[in-house]
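Take these sequences, add in the hints, and give me the full structure.
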Amino acid sequence: MGKRTATGVLTTVLGLVEIAAEEIPFPGVKTAVGGVLEIVKGINKTKQNKKALATLRDDMYQLSQSVIEPLSKANPATISPGLRNAVDSLVDDLLRSADEWQTRSKKPWIVRFFQREDDSDDIEKFSLSIKASKDRFLLASNVRQEIQEGTIIGQLDDMGTAARMREISALLEELNPVKAASHQSLRPTGGGVCCEGTRVDALQTITQWMLDPAASPLFWLNGMAGVGKSTIALTVALGAEKYWVASFFCSRQEGSLRDSARIIPTLAYQLANLDAGLKGLIGNVLDAHRTIASESTNRQFDKLLLEPLRTLQEGHHPILLVLDALDECEDRGVAELLRVIVTASSKQDFPTTLKIFVTSRPERHIRVVLAPSHPRGLRLQDIDKNVIDSDIRIFVDAEITKINLELELEMETDWITAKDKSSLVQRSEGLFVAVSTMLRFIGDRGVSDPKRQLRILLGLQKSPGANRYEQLDQLYLQVLASSVASTANKPEVLDRFQKVVGSILLLKDSLPVATLARLLGMEAGSVRAALANLHSVINVPMSSHESPQIYHTSFREFLTSPDRCTDKDFLVVESVHEARLSLCCLRLMHVHLKRNMAGLAGALEPLSQETKDKLGSIISPELSYACCHWGAHLSRAKVEDKALTKEVEIFARQSLPFWIEALSLLGMVPVAQGATRAAHQSAPLLSCSEEVTTMFGDIYRLLHVDSDVLEASPLGIYTAIQRSPSKSVLFRTYSSQWPVERALDHASQAAGIWSMSFSPDGTTVAGGMVDWSVRIWDVQSGIQKAHLRGHIDWVVCVAFCPRGARIASSSHDKTVCIWELATERKVHVLKHPAWVNSISFLQDGSRLASGAEDGHLRLWDALSGQLRETIEPAHGPVTCIRFSPNGTLVAAAFFDTTIGVWDAEFTTQIATFTGHTYIVASLSFNPDATRLVSGSWDATARLWDPSTGEHILTFEGHASGLNSVAYSPDGRRLASASDDKTVRLWDTATGEELAVLGTHSHWAASVAFSSVGSYVASAAWDGTGAVWDTTTLTRKTTLVPAAVPSKSNRRRFSVRV
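Quick note on numbering: the sequence shown equals residues -21 to -1, 1 to 1036 in mature numbering (1 follows the signal peptide of the UniProt record, and there is no 0).
If a hint is listed, it holds; no wrong ones were tucked in.
EDC-like mimics (lysine to aspartate or glutamate), calculated; alpha carbons at most 20 Å apart, straight line:
1. Lys810 <-> Asp833
2. Lys591 <-> Asp687
3. Lys487 <-> Glu307
4. Lys221 <-> Asp254
5. Lys487 <-> Glu553
6. Lys469 <-> Glu502
7. Lys793 <-> Asp833
8. Lys469 <-> Asp548
9. Lys398 <-> Asp368
10. Lys158 <-> Glu309
11. Lys960 <-> Glu972
12. Lys573 <-> Glu628
13. Lys381 <-> Asp428
14. Lys282 <-> Glu972
15. Lys158 <-> Asp254
16. Lys805 <-> Asp772
17. Lys430 <-> Glu378
18. Lys282 <-> Glu146
19. Lys625 <-> Glu670
20. Lys810 <-> Glu669
21. Lys326 <-> Glu286
22. Lys591 <-> Glu152
23. Lys810 <-> Glu799
24. Lys364 <-> Asp376
25. Lys398 <-> Asp376
26. Lys487 <-> Glu525
27. Lys326 <-> Asp191
28. Lys400 <-> Asp428
29. Lys625 <-> Glu669
30. Lys547 <-> Asp452
31. Lys487 <-> Glu233
What follows is a list of derived Cβ distance ranges for each label pair:
32. Ser668 <-> Lys326: 57 to 63 Å
33. Ile850 <-> Arg768: 30 to 36 Å
34. Ala464 <-> Asp363: 35 to 41 Å
35. His268 <-> Ala853: 36 to 42 Å
36. Ser505 <-> Asp71: 32 to 38 Å
37. Arg951 <-> Gly653: 32 to 38 Å
38. Asp71 <-> Pro649: 38 to 44 Å
39. Asn263 <-> Arg951: 34 to 40 Å
What the hints contain is simulated information worked out from the structure, not anything from laboratory work.
Glycine included, every Cβ here is placed at the ideal spot set by N, Cα and C.
Here is the structure:
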């Protein structure tokens, strides 16, 4: 067999490029590409600098595949102005690259260039310029999609229809699809399709399923890490030529790719761009449901996918949805997505042409949903070992051939023997990720000595009785050891490894090398140096404007596990690195954030399009990352860090409003709530001052009250601070710096209502107020009868004692107050170390349960005020706690969406379950405690069996998050209050909406049934409440806080037991 080198392969690539270029209908592009081809042909003729030529070959191939080939199919008459501009810029870039080389000297440029003794740097620079041109073009356009769309539109004679298609295209963009999730994406995954001749049986099984109309619509391919699930998924997606294919390839390394809420909108977006008819049907859905992107998973699946597919005419292409690596999504929304798919696919009206292919590890939250439904499936670890070894041997042979080509080696070489190949197969232990890593290590261009690398690998010894991952772990250890073996300054290199690689592992979104360097306060060259010898485990880009990517999630798991990464020099301790990243973010914000960064004219001026277009120059990528993610890193940080404590203090006292302004500019104000809550929890652990801890609480509450203003105007934060309570730490710290207007006195401020509770006899209703008080109104007249004052912060929950003579209130002042209603005086003050978010009385009034921000559940003797029991379930802050009406159970909801159920004395935990995709804000039991309903900020309520955690049904219809839910006393109805400002009634047997009781002028915050179920009370953030008649479905009374209750009102107040 003859020698096949990079020059020979480059010649082939150039031929392909030349053929494709001839078809381009844009003369300017054809000319520019022709000029580049002549340069590359000249380079190729020199047959020098083989490594540089190999890089150039790869870049020319990518230019051909991602730019030239799609443009050859374009219709110049139908492309958008945006794509036209991108094409013009591409031409300019390519011509500029050629001109730079042609004008280098008076000599013919090609002679001077190629007579240099060492020209590899120049070739690489030229190659990089071509790659940069390609990347800029792809960033400025969605060329494949637009050409497909242009083809569709070009086939339509009716210009009105064409205009409609463009209108739908705009609506589709509002779905905020993750374009990098598609199997057609240029996102570097480090993998590819199955090597020819491998996975034959598995692919045959999947193909038979796809072709069998009687088979289950769902196929689950599962297996442990590293067995090749994603490679099979990509092969299936790219090879299903007779199908319309939409896909979502999940990845832990990118925030958008691990967010399960983005999956269905992305699939709908992809399908709409495959067919004009389907695009029209999905467009009709978007017209009718403009908020569908933020609605529940069930509703999205039904409206965006099932409804259009049911409507399609018979005979259309079969459709395949590929969902890969669902276990890499970080939230439990995946279980809900799969639950929706399983439920829908079992119904008679499920589209017969739709197939769904899912891959994942067999994680419990996925397994418990899929296993009982008996989908078609395959466990990769169950495949016969001989078959797997045979596949791996084929893969090894193919990769050795590639290594020979890459490194300019003879194809018939003696550096590896048949025995060596067998050893590689054996050492892989059936894991494709292991053999892939070995082969990248052997073929590392930076070393260019595969024989040496092979000898190093074959020197590894396997321990007797080793677990399956030991060989992979030893391989990773060898790669890491080799990366520092030849360095003279090992401590410095290891420190750089920890900073760079540790950060890459824990970043919330991947960052280009240059951006990462600026975030970490390093030089880009130092970041690249830290990655230079790690190409076998990390995809290290040539350009500093691209992001390093870990090839396989098993490497991250290895580095962060003390049991697996036995060389502590390389062990990445997550809490330490989270602290470092948080520190870097805080320092960056301290330096670069300032007031009015965009130069807006007025305090409430919204962003103009011109300002939006300039945001990239106002807020750098690293500053944007810092603003969005410092809180997430802080919440997971190691707490014994004085430098971090100091930086948190500085940030709170000097930069807090600037940060909110920056988030508003970025359109990311909702991020602030989670970050400030995390900071409020972390500050005491960091030994921050009480003042700073309190300030984070102040800003968290301000975000609740004024989020609409802050989202609408970046400078609204400064006005909001002026209007915050004059006694608050936030006001005292910042108000004097910006005398926009005189601060309002605390007593005159709007008193939003957080919580409502009916008295046992149903004659009065109490509200917990933002103005730090509890107010009590007469149900029939709406007159305020009592005003209980004594808290020094928001009152967030109120509960009447079932005996009727007392009422309890919990507050962000870290106390629960128990009041005697007859005297309006405190009987007990139950102190807590953190905000008390929720309280509930046992049915006989003898016990009171409280749930606090510190994650603890506490049980109190309500008569004596003594603490009886404390438990910490370790799920984060408690958002709600409720006793069952029959006194047998207590349920609690937590910030991480977990719901737990215990016996009433907290001695036995009965069940723990999840299912919501966002914070669970409220809980309510039915009368006999056989059912529990939860209301969540994911805009749904769910019905559960509290003894098992089984999900029974979902209540859907609200357009925004639910703040409160309440069972009726007869258990037949459910009331709900939502951020969409509505109060609704539901049938608890069917989940159907019965009525919209009414609408408030602001968020509906709380809802409660009267003791006989004839009334529902609701509260809103505008400071008003309402009582609704559940029979006539009309408002009975409006509850408005009075400044001071009159004496006559106090005398009329009495309690009926």
